[in-house]
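Participant: So the chains spell out like this:
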Amino acid sequence: MTSAHSWTLPLAPRDVTPAVALFVFIPFCKIKCTYCDFNAYANLSRAMMPYADAVAREIEIAGARHASPLPAKTIYFGGGTPSLVPVAHVEKILRACHRAFVVAGNAEITLEANPGTIDADKLRALRALGVNRLCIGVQAFDDAVLRRLNRGHTVADALETYDLARRAGFDNVNLDFIYGLPLQTLDDWRATLERACALAPEHLSLYALKVEGGTGLEHQIKRGKYPAPDDDVAADMNDLAEEMLGAAGYAQYEISNWARRVGARHASPLQSRHNLTYWRTEPYLGFGAGAHSCFGGERYWNVLSPLEYIQRAERGESAVAGSEPISRELEMAETMILGLRLNEGIAFDAFAARYGEDAREKYAAQLREVNALGLVEMSEECVRLTPRGRLLSNEVFWRLLP
Amino acid sequence: MDQSRIRNLCIIAHIDHGKSTLTDRLLEFTGTVAKREMVEQVMDQMDLEREKGITIKAKAVRMLYRAHDGVEYELNLIDTPGHVDFTYEVSRALAACEGAILVVDATQGIEAQTLANLYLALEHNLTIIPVLNKIDLASARPDEVSDEMAKLLNAPNEQIIRASAKEGTGTEQILEAIVTQIPPPAANTALPLRALIFDSKYDAYKGVVAYVRVVDGELPRNQKLKLMSSGLEIDALEVGVFRPKMVAGESLSAGEVGYVATGLKSVRDIQVGDTITHAASAGAPAVEPLPGFRPAKPMVFAGFYPVETNDYPLLRDALDKLKLNDASLTYDPETSAALGFGFRCGFLGLLHLEIVQERLEREYDLNLIATAPSVEYHVLKTSGDLITVDNPAEMPDGAEIAEIEEPWMRIQVFTPKEYIGAVMDLVVARRGAFDKMEYLDEARVMLSYVMPLSELIVDFYDQLKSRTRGYASLDYTFADYRVSDLVRLNILVNEEAVDALSMIVHKDYAYARGAALCKKLKEVIPQQLFPVPIQAAIGGHIIARETIRAIRKDVLAKCYGGDITRKRKLLEKQKAGKKRMKRFGNVEIPQDAFMAVLKLGDEE
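Keeping their order, the protein sequence lines are chains W and S. Note that the first sequence ends on residue 401 in numbering that gives the first Met the number 0; no numbers are left out. Note that the second sequence ends on residue 603 in numbering that gives the first Met the number 0; no numbers are left out.
Fair warning: there could be bad hints in the mix.
[What the hints assert, rightly or not] Listed next, the in silico PhoX-like pairs over lysine-lysine satisfying Cα-Cα at most 25 Å (straight line):
1. LYS221/W <-> LYS518/S
2. LYS31/W <-> LYS557/S
3. LYS574/S <-> LYS361/W
4. LYS518/S <-> LYS31/W
5. LYS221/W <-> LYS557/S
6. LYS209/W <-> LYS322/S
7. LYS518/S <-> LYS361/W
[Unchecked claim] One-sided and incomplete, this derived list gives chain W residues near chain S with beta-carbon spacing under 8 Å:
8. ARG194
9. GLY285
10. ASN393
Don't read these hints as lab results, they were simulated from the structure. Ideal placement from N, C-alpha and C gives every residue a C-beta, glycine not left out.
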């Protein structure tokens with residue numbers, strides 16, 4: 000990331016096993032937000048301790064599968080609400096990671112935190128354990144919006160958590176936001192973005208809302224309590240974000256992600272190294288209920304139910320619930336799709352180095368079509384989404400599927 | 000069997016009044032089909048018939064019944080199609096009988112098709128056995144409906160048999176009424192052979208099998224026969240009866256109902272209503288055919304196109320196969336600039352169209368686009384040529400047209416009187432003209448109108464049902480061709496005319512229809528990557544316009560925790576969805592769009 004030319008060679012060659020990324024899923028929440036369809040549960044806190052034990056066990060078993068321990072470059076605690084989990088459990092899991100893998104000295108270790116679920120002591124303790132990046136789920140600087148989403152915290156809570164994190168020594172903080180919400184106006188969104196920029200976090204994730212099936216929000220919209228979100232307004236919000244964040248010193252590096260610029264020419268070192276692993280189709284191992292892994296030409300995933308996950312661990316059984324082999328064709332398509340999510344796009348020489356094929360020829364018809372539609376731009380070196388293409392990326396991606 | 004012990008009958012009823020269930024009870028009671036063999040509703044054999052709850056094709060079955068007088072009778076029950084599209088087929092089935100069971104639902108009372116079928120039966124001098132069905136239901140109004148029936152038939156109330164086909168009550172009483180009230184066939188075995196064809200089907204082993212009622216003479220097997228309307232000579236490879244499976248025999252005598260296997264390859268050659276007699280070489284042929292024959296004539300037309308152009312040969316083969324068993328289906332190849340190669344298909348009516356479309360999609364696994372249905376116009380050109388046009392896209396330019404005639408229908412609507420206004424409004428909005436109104440009783444009326452068929456096939460029935468809370472029932476027959484002031488409405492999508500979306504409308508309605516269709520198309524055509532104008536035009540003159548705004552957002556914001564499989568599945572679904580649409584230029588038009596004209600409502 001820090002190398003000047005890294006963006007031209009983002010794809011690791013296939014025959015070298017790069018360091019893996021480790022993901023730990025924490026399925027616990029204080030309350031369920033109305034838009035959320037993740038594998039997350041309120042009222043399951045009694046299971047935290049056995050769950051942490053089960054995850055630690057899964058990590059150790061995964062590590063032991065390799066004759067010499069694999070190097071790990073990032074660890075990411077995602078949820079759910081990882082900040083709800085007592086520090087002792089986080090510590091247990093991190094220790095397991097260190098025992099089972101060679102965790103790099105400069106590893107990025109991220110933990111997701113919800114405002115109002117974490118105090119100064121806990122933040123200091125996590126920082127001391129080596130957690131060096133915090134992802135705060137702010138979602139909106141607007142109490143009315145937060146109430147409608149059943150977030151269970153206020154704007155004041157978010158500001159306090161951010162302040163405490165800084166005091167605890169977190170110098171790499173991401174704030175999560177959602178836009179395109181029902182009833183949310185462009186002005187609401189501008190106000191949220193202004194306050195976000197004023198805090199000057201290192202990283203911002205701005206997610207366009209997708210109303211997922213089976214969520215409370217979908218139900219509310221069906222019942223007519225809220226209007227369905229308007230895609231045109233969401234597009235305007237995205238345009239506004241690009242304009243405001245650009246002016247505030249942030250560079251977009253992925254469809255939903257922005258990192259503060261450090262130096263003028265280079266990719267920011269503040270990009271999420273963990274998430275870059277997914278977008279560059281590099282190997283990662285996921286632990287916990289429903290977690291996904293991609294390793295050795297195969298993708299596999301764990302049982303969804305946290306309780307079943309715990310039981311399996313206690314019985315010494317594998318947590319894996321399913322898998323799919325990733326054929327070469329599919330992997331190439333996924334590499335294109337995921338790589339195009341990044342602003343750096345797909346570098347043709349790196350693609351050719353990995354697969355021995357020229358992406359320009361392999362996807363000639365598709366690229367010509369989406370180029371003509373103004374969704375991608377091509378240079379000698381690479382292809383990438385245009386600003387318009389980022390918001391219409393599915394129109395590019397489905398065409399690339401085998 | 001002795002002719003005096005034969006009874007030929009059918010059951011007539013409005014749709015859903017319980018005809019099929021009653022048939023099942025009769026088959027069961029007479030032991031024709033053992034109870035354990037009974038798939039519910041034996042006579043409705045096609046899946047589609049079971050689903051739609053209607054009989055599409057007529058069928059026949061022979062039952063033996065030992066009556067209270069100790070004598071065994073042969074009862075030939077001919078099932079009749081239960082939809083107004085098949086009125087002619089019903090009339091031929093009735094012509095093969097001496098009696099009819101008239102079934103009326105005790106919760107619904109007399110409906111449009113009850114009457115239409117009753118009048119048909121009376122025209123054929125059939126003895127009517129009135130049956131009041133579904134008396135077991137809590138909402139039944141047996142006394143009231145019985146009074147209605149008695150009044151209608153001018154018969155005493157006691158003659159109406161109260162039954163519940165579902166529970167089996169009244170079955171024996173009905174069987175007794177059949178043998179005591181319906182006269183045996185007055186048929187003469189000595190006369191030259193005349194047999195009425197009331198149905199036919201294609202059998203892979205026997206070829207086309209004609210379902211017949213022998214009216215005069217004898218029909219032995221292995222004889223040369225002749226079809227009187229076409230003059231075609233056929234061989235009676237096998238003759239027999241239905242029990243309910245085909246059972247071969249030596250011959251069929253005057254008065255009997257059965258089948259003749261012909262070895263022919265297409266049901267088109269054996270037309271319903273035709274008369275079979277001896278070939279000149281095989282005996283004395285009859286001089287006069289039986290009355291009432293009419294060749295099958297499609298009234299409603301639509302273009303069927305495969306979504307995948309490669310499926311064209313499959314579609315052709317599937318139509319060939321369906322046609323083996325469906326004499327009224329017609330199809331001719333046609334090409335559309337928008338849809339490619341397909342077929343213009345002709346149907347007896349909308350239901351017939353739906354059935355064929357569903358069978359093609361279900362039984363032959365074809366992904367089809369059907370254009371909105373049209374009728375056959377008679378067009379007199381200024382050149383003096385008279386042409387028929389069944390595809391709106393082929394309507395000549397206004398300047399070339401001297402006069403257009405379109406088919407008009409006579410329609411009868413039965414409705415509770417509080418909906419008279421609603422029905423009037425609907426019919427008038429559809430260019431209908433009032434004929435007369437008759438009170439059936441204090442609460443219900445029969446409204447008669449004439450209206451263009453083209454208006455009838457565009458969502459009329461659904462509208463009628465919704466405006467009368469489901470109470471109205473409908474019957475219609477062809478009236479005549481009438482001159483109308485019609486124009487072709489062209490639809491342009493992204494500045495290009497889409498021939499498959501054009502329609503013929505009355506000049507006075509063109510603006511409203513054009514605007515409504517543009518609005519509807521805006522709803523059904525998904526947003527594209529660029530703005531898409533939708534215009535309605537008459538000739539070169541644009542009369543309505545809508546614009547589909549360009550899509551701006553189609554993004555999966557979050558790729559959470561590496562669950563790439565799930566995201567990819569969403570993209571795969573999106574890709575599959577695109578494949579089901581027809582690309583026209585750069586615009587993807589979904590199947591629904593071509594039927595949008597059917598769902599315009601009647602706001603205008």
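Participant: Go through the numbered hints given earlier and state which of them the structure violates, listing their numbers in rising order.
Facilitator: 4, 6, 7 and 8
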